[in-house]
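Chains as they are written, first to last, in UniProt numbering: chain B, 1 to 204; chain Y, 1 to 204.
I should point out that these hints are in silico values taken from the structure, not numbers from a laboratory.
Heads up, a few of these hints could be off.
Unchecked claim - Where chain B lies over chain Y, by a calculated footprint (3+ residues, C-beta under 8 angstroms): (1) 56-67; (2) 149-158.
Claimed, not checked - Per the computed footprint, the stretches of chain B lying under chain Y, defined by three or more beta-carbons under 8 angstroms from a beta-carbon of chain Y, are: (3) 42-48; (4) 116-130; (5) 148-154.
To be verified - Below, computed lysine to aspartate or glutamate pairings styled on DMTMM-like, alpha-carbon distance capped at 20 angstroms: (6) Lys136(B) <-> Glu186(Y); (7) Lys136(Y) <-> Asp147(Y); (8) Lys136(B) <-> Asp84(B); (9) Lys53(Y) <-> Glu117(Y); (10) Lys136(Y) <-> Glu186(B); (11) Lys43(Y) <-> Asp28(Y); (12) Lys43(B) <-> Asp28(B); (13) Lys136(Y) <-> Glu79(Y); (14) Lys136(Y) <-> Asp28(B).
Quick reminder that beta carbons are idealized off the backbone N, C-alpha and C, glycines included.
2 protein chains.
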Amino acid sequence: MSTAKRDTYTPDTLLSVAVRVFNERGYDGTSMEHLSQAAGISKSSIYHHVRGKEELLRRGISRALDGLFGVLDEEGACEGRAVDRLEHVTRRTVEVLMAELPYVTLLLRVRGNTDTEIWAMDRRREFDQRVAELVKRAAADGDLRADVDARLATRLLFGMINSIAEWYRPERASSNGKGPSATSAEVSEAVVRTAFAGLRTTTT
Amino acid sequence: MSTAKRDTYTPDTLLSVAVRVFNERGYDGTSMEHLSQAAGISKSSIYHHVRGKEELLRRGISRALDGLFGVLDEEGACEGRAVDRLEHVTRRTVEVLMAELPYVTLLLRVRGNTDTEIWAMDRRREFDQRVAELVKRAAADGDLRADVDARLATRLLFGMINSIAEWYRPERASSNGKGPSATSAEVSEAVVRTAFAGLRTTTT
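Next comes chain B alone, as it looks inside the complex (with noise of 0.2 angstroms):
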């Protein structure tokens, strides 16, 4: 087309703006041509990096994946007594999610049943399932409170951190607008604080 923007797209570059227009319209309601419009190069011109838009789901979704999954491998996830393990990996995984927002929004909605979105959701059960294996670790040393079912207290806590996808918008944390303005150190600490101290000062 005439009016087609020069390609001068990177596969991360054109990965982003593809990850934008997924989390708008919905990865079903996504196709080559809205990717085509948005990112102003033809259909053509993106079938010169990728295979189709399936590939750019599986590569949006992967560096979701890697940032998670990099979390559980930091020293401070590996060692010392597992209720501090679990805070840590609160901690970061709460910081992945900010940093790389796009890409964790599109793994949490992902609900298909293409083998990228089958796969998806595989991994994304498997972080789960390491995350509920230290707090069953934990709850065994006597450091989670036994009245809550350690099962439950995983959800409650995935609860509280991805919901923070739903409200957190990084332009608003940069600028001195109106709006809420929570870096991401301030919403970690207050999620490590909420859910392991609790929000009470007293207790009745």
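Add chain Y to chain B, keeping to what the hints say.
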């Protein structure tokens, strides 16, 4: 149609079918034809009950909102220290979410531009705002930790509560199958304990 069921729907039973379809397909993705197929009655029979799908959306969301705002009028939400009222509202919001799961799920997923969707988002924001005021009052009383911002605390609390809609399936709770069998009382108690007292038994 000769294959159509005789229309034995009441407004409530038709609503329950419509809300299930909205949650499966998304409101935008649902046509009157889909509703007709799911209910097994003709479109004209549906029009006998309601003016169209937006009326069904409004009624489904009203049911969720009636439950949620009802909590704010309960004695436990109106009397006593703000922190205890906040705990009551948290516990009861979880219970209403679980009892009215499809309707609250519909409310939580609304993102749109029709009058009904804008109204639903406004009312949801109003509910969140009422709870945020309780959080602020409890913080001012010195009953909530000062090192977590009240606005952030409200968001994390709702993150934990609303995430229950993602995994709770009542049919599994009542069966003796392999699935999780957490009851409404167990889940609401777990949320209150986690959010207000924290998961840790020991503090660092």
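Status of each hint after checking the structure:
no.	hint	verdict
1	56-67	violated (count 0)
2	149-158	holds (count 8)
3	42-48	violated (count 0)
4	116-130	violated (count 0)
5	148-154	holds (count 5)
6	Lys136(B) <-> Glu186(Y)	holds (18 angstroms)
7	Lys136(Y) <-> Asp147(Y)	holds (13 angstroms)
8	Lys136(B) <-> Asp84(B)	holds (13 angstroms)
9	Lys53(Y) <-> Glu117(Y)	holds (12 angstroms)
10	Lys136(Y) <-> Glu186(B)	holds (18 angstroms)
11	Lys43(Y) <-> Asp28(Y)	holds (18 angstroms)
12	Lys43(B) <-> Asp28(B)	holds (18 angstroms)
13	Lys136(Y) <-> Glu79(Y)	holds (16 angstroms)
14	Lys136(Y) <-> Asp28(B)	violated (41 angstroms)
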